[in-house]
Each structure stands twice: as C-alpha cells, then as structure tokens.
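Asks: Letter by letter, the chains look like this.
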Amino acid sequence: MRRPRPVTVRRLLIVAVLVLWEAVPQTGLIPELLLPSLSSTLRALIADWDKYGEALLVTLYEVSLAMLVACGAGILVGALVGGLKPLRDLLLPVFSSLYAVPIVILYPIFTAWLGIGSEAKIAFAGVYGFFPVMLSTAAGIRTIDPQLLLAARAMGATVPQQIGRVVIPASIPTVLTGLRLGGALTIIGVVVSEMLTSTAGIGYLVTRYRTILDSAHVFAAVFMILVLSILFDTFARYIERRTMVWQTAGRRERTDTADRRLTTAPAPV
Amino acid sequence: MQRLANLSAARTDAGPTAIEVAGLSHVYDGREGKVPALEDIAMTVGAGRFVVIVGPSGCGKTSLLMMLAGLRRPSEGAILCNGRPIPSPDPERVGVVFQEASLFPWLSAQDNVEFPLALRHAPRAERRRRATDMLDLVGLQGFGGRYPHELSGGMKQRVAIARGLVQDPPVLLMDEPFAALDEQTRMTMGHELLRIWSQTLKTVVFITHSLTEAVYLADEVLVMSARPGRIIDRIAIALPRPRTYDMMATDTFGRLRDRIWQQIRTAD
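Top line first, the protein sequences correspond to chains A and B. Each position in the first sequence, counted from 1, maps to that position plus 26 in the working numbering. Each position in the second sequence, counted from 1, maps to that position plus 1 in the working numbering.
Okay, chain A solo, but in the shape it has when bound (with noise of 0.2 angstroms):
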C-alpha cells in the first residue's frame, strides 16, 4: 500500500478536529460550558454576525496600522544598523535583549499615554510586532556574501548599485521570514491589547463575553482569530515562497535536476 501524502494527511487531521469538536460535546462528555461544539459556536457567530463583523473591521484596521509602524520602522532601523558597524555595536545587543522581554508589560504605559482606543494598541502591537522584523533585516544585511559585493565592485558597481542590485536582492529572503514573525506578532499584539484594556475589537468581544460565560460567542470569537492568523500566514507563506525560489527549492532540486539533465544531454562541466 502506497503510504498517503503529508498533504492528505494534515487535511484529515483538521477534518478529524472539526468532528471531534462537534461530537465531544454533543455526547455530554465535556459540558457545552466548557466546550461549545462547532455547531453552537457557528450559530453564536451568524446570530451575532454584525457585532462580530464590526469587532472584525477594528481589529484588521488595527492590525494593518500596526504591521506598516513595524515593517516601516523595522526595515528602516534593521536596515541602518545591519548596514552601520558602529550603529550595531552600539544598537544590536540592546535590541537583541529588548526582544526577551514581555513587552505587554508596557501595554498600560501605553494606554495611559495614547488613551484605551486604536492608538495603544497600534502603538503596542507596532513594538511588538517591530523587533523580529529590524532584527531579521539586520540580520539579513550582516549576512550577505562579501564576495558578492567584491565582485559587483569589480564590475564597477557604484554604491547605490551595490545597494539596489546586491544588498537588497540579497537580503530579501530574510527580511521576509522577519515580516512573517513580525506580521503574526502585531496580531498576537492587538489581540491581546484588546483583550487587557478596550472598548472594541475581537479580543474585546473575547473577554466580555468570558465575563457573562458565553462559552459559544467567546469560541466564535477565538475561532475568527484563528482563521485571520491562518490566513495571514498562509499569506505570508506563498509571497516568501514566491521570493525564495532560488534559495529554498535550490538546495532541494539540485540534485535530480542534474540527473534529468545526465539522462537527456550531455552537459559541459
């Protein structure tokens, strides 16, 4: 018997989740207080379907702001101390220690400067969401090959070509894999700053109706958290796919496209 693919198998996997959260508590195993089935969390999600919707539209708006403060700043800053030697002494390993720390703690700082709207949560899940990504750029323009600049040069590349043509074209892979971690941090920040301290938005909707034992409007409200953070990962994934072709797939291929090429031609050493 031929073994199923990866793919198939995960596909299963999820189906089997759905159906064991629909059938768990329809047999009154778990009480529906503690675990709402799929089917009672959907209909607390149409029932209250504009509230949702609402709650959904604050926190995309949210979101959207915060990943442009944190890939904005963090490709600006991650770009100017990979690229600087004394900027990185002098930044790198305070940004580096910065990143361990729980920045939530900062999250009521921040509400008390920018008030309990959009702007704190904005604010906070753009920090959070802004280490991975300029330590990742960093990281990226530290990493790059000097051959690659040597021989640009030699060619007669001029600094802004160095940049334009090596230095960016290079670094690009892992500035993504940082805009990755960064993008699904700022969710994880709004989410949360939402849930501490608001009015609106899906992580508010979480605790309020944690608070009056809604049990199937909190799972409706989880479950859209899960499936926005999928998405975007999802996303994410494809362009950093579409990108690194050259990177990833290389190392992979190389071999058996050097096989085809042995069966069907000869090739020059």
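The set of hints was computed from the structure by calculation and includes no laboratory data. Do not take every clue at face value.
[As the list claims (entries may be wrong)] Below, a list of computed lysine to aspartate or glutamate pairs in the DMTMM-like style, where the Cα atoms sit at most 25 angstroms apart:
#, chain 1, residue 1, chain 2, residue 2
1, A, Lys111, B, Asp30
2, A, Lys111, A, Glu58
3, A, Lys111, B, Glu33
4, A, Lys77, A, Glu58
5, B, Lys35, B, Glu77
6, A, Lys77, A, Glu48
Source: prediction; values computed, not measured.
With chain A's structure known, arrange chain B on it following the hints.
Replies: The following block gives chain B in isolation, referenced to the frame of chain A:
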C-alpha cells in the same frame, strides 16, 4: 612620477604590454600594528600572455590581484594597465573571476552575465546578444535560463568567466577560479580556459595553488615568497601550444613543476 617615467622608458622590448607593476609595496593595519603584505613587486605582462602566480598561503597573491583589478590601493608603487593607472575597477579594461564563482543566486545565468552591462545601462537587445555570445563561447549554449543553484560547480565558473569577458576587457584576472572544483572538473576547466584564451586573445593573470595547473596553463609562472610577498622566481614555460594532457607525463613538465615546488618550499 619618477617610477612611471621609468616604466615607460623600459617598455621598449618586444610587443605591447598589458600590465606593468613597479615598486609595489603594501602594508596593512593588523591587530598588532603594521603588517607588510607585499614588498617591492615588479612585473610586466605582455599583451596576450598567460601568467600564473603561485605562492604559499597568505603571501598576498590575492591582494596583488585586487590591486591589479583596482579593488584595492597599494601603499606604494605604480600599476599600469594598458598604459594607464587603475585607481578603481574598470570592467572595460579588466575582468575578474573569483574563486567562489560569486554569481548572484537570484539571477539566471543569462542575467548574471548581463549584470556588468546592466550596470552601465546598455540597451536590452545589446545586453542579450553579448551575453548569449559569451555563454556560447564558454560552452553553455542553452543554459542561460538556469539559476546558479541549478548549475554544477564547473558550469558556475563558466558563467563567471563569461561574465568577466562580457565587456571584452583585454585583461582577465582569475583568483583561484577552479580551487573549489574536483580534480577531473578542474582539469577540464583548465583545458577549456586555454581554448577560450586562444579564441579571445586575452591577457590572463591567474592565481593558483596547484603546481600542475600552473605549468599546464602558463606562458610564465611567477613564484611568490611567504609574507611579505615578493616575486622570487620567474619561470618561463616553454611547452608548445596547444597544450595537451599527455604533456603532463613528460620530463620537461615534471622538471618545471619540481623547480616551482623547490622555490615555494624554500620560500615558506
């Protein structure tokens, strides 16, 4: 200026000169103060000649090559390339091929070869044509669409050679271009390089660690001493051209190889 004048006066012997180096010394700032890297290098490479530089590791061969390419400035001395100093890289006078092929992994072979032309904003059609011609010359017709990761080590070096030659510079500098290749590929590539050289009539300065490669390729081998690098011997390789693999088994080949080896051993 005195040295430059001397150089011009000395250029009366046979044939035009491609590269002239006089009184070149280099000192760099190491961790423990000034380190002399190169000392009083003088060399003349006639146009169309194939000169190989050998020497112990760290003797400054690569530094010397960087200076010939205009990538580094010597502390002292003069370099003339086709009669003019070369204070900064000039791909129309000097092409460079590095040990690691240094191809841009995000560009296809064709785009890699076009890269130096694109830097100069050459028209697209002309870029295409010249790059295709170069890929044909190095034996890679039909491989232009491949990315570096889809090419073998030898093929990557072929692309690098094509890229070095695409602006038709009279001089090609090569820094251990085949060092990372396996022995068989290395031999084939050496032979291929001689073919390309004889077709294009370039002046080649080639650095290697392999004495066999040195004798097989060169018109003249320059032997350098350990740091600070000096040229301690110049050995004319009088083997006839075209070179063949059989020559490696001859006594002459062995004697030449041995002489270089003795020089390097005492120099180290």
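Asks: Now, for every hint given, state plainly whether the structure supports it.
Replies: Checked hints:
1. A C-alpha spacing of about 18 angstroms is found between A:Lys111 and B:Asp30, which places the hinted pair at or below 25 angstroms, so the restraint holds.
2. Proximity of A:Lys111 to A:Glu58 is assessed by CA-CA distance (about 58 angstroms); at most 25 angstroms being required, the pair is judged violated.
3. Straight-line distance between C-alpha atoms of A:Lys111 and B:Glu33 comes to about 21 angstroms, which keeps the hinted pair within the 25 angstroms bound.
4. Our distance criterion of 25 angstroms between C-alpha atoms is met by A:Lys77 and A:Glu58, whose separation comes to about 22 angstroms.
5. Taking the CA atoms of B:Lys35 and B:Glu77, the gap is near 14 angstroms; set against the 25 angstroms cutoff, the hint holds.
6. Between A:Lys77 and A:Glu48 the alpha-carbon distance is near 24 angstroms, which keeps this suggested pair within the 25 angstroms criterion.
Violated hint for the displayed structure: number 2, the only one.
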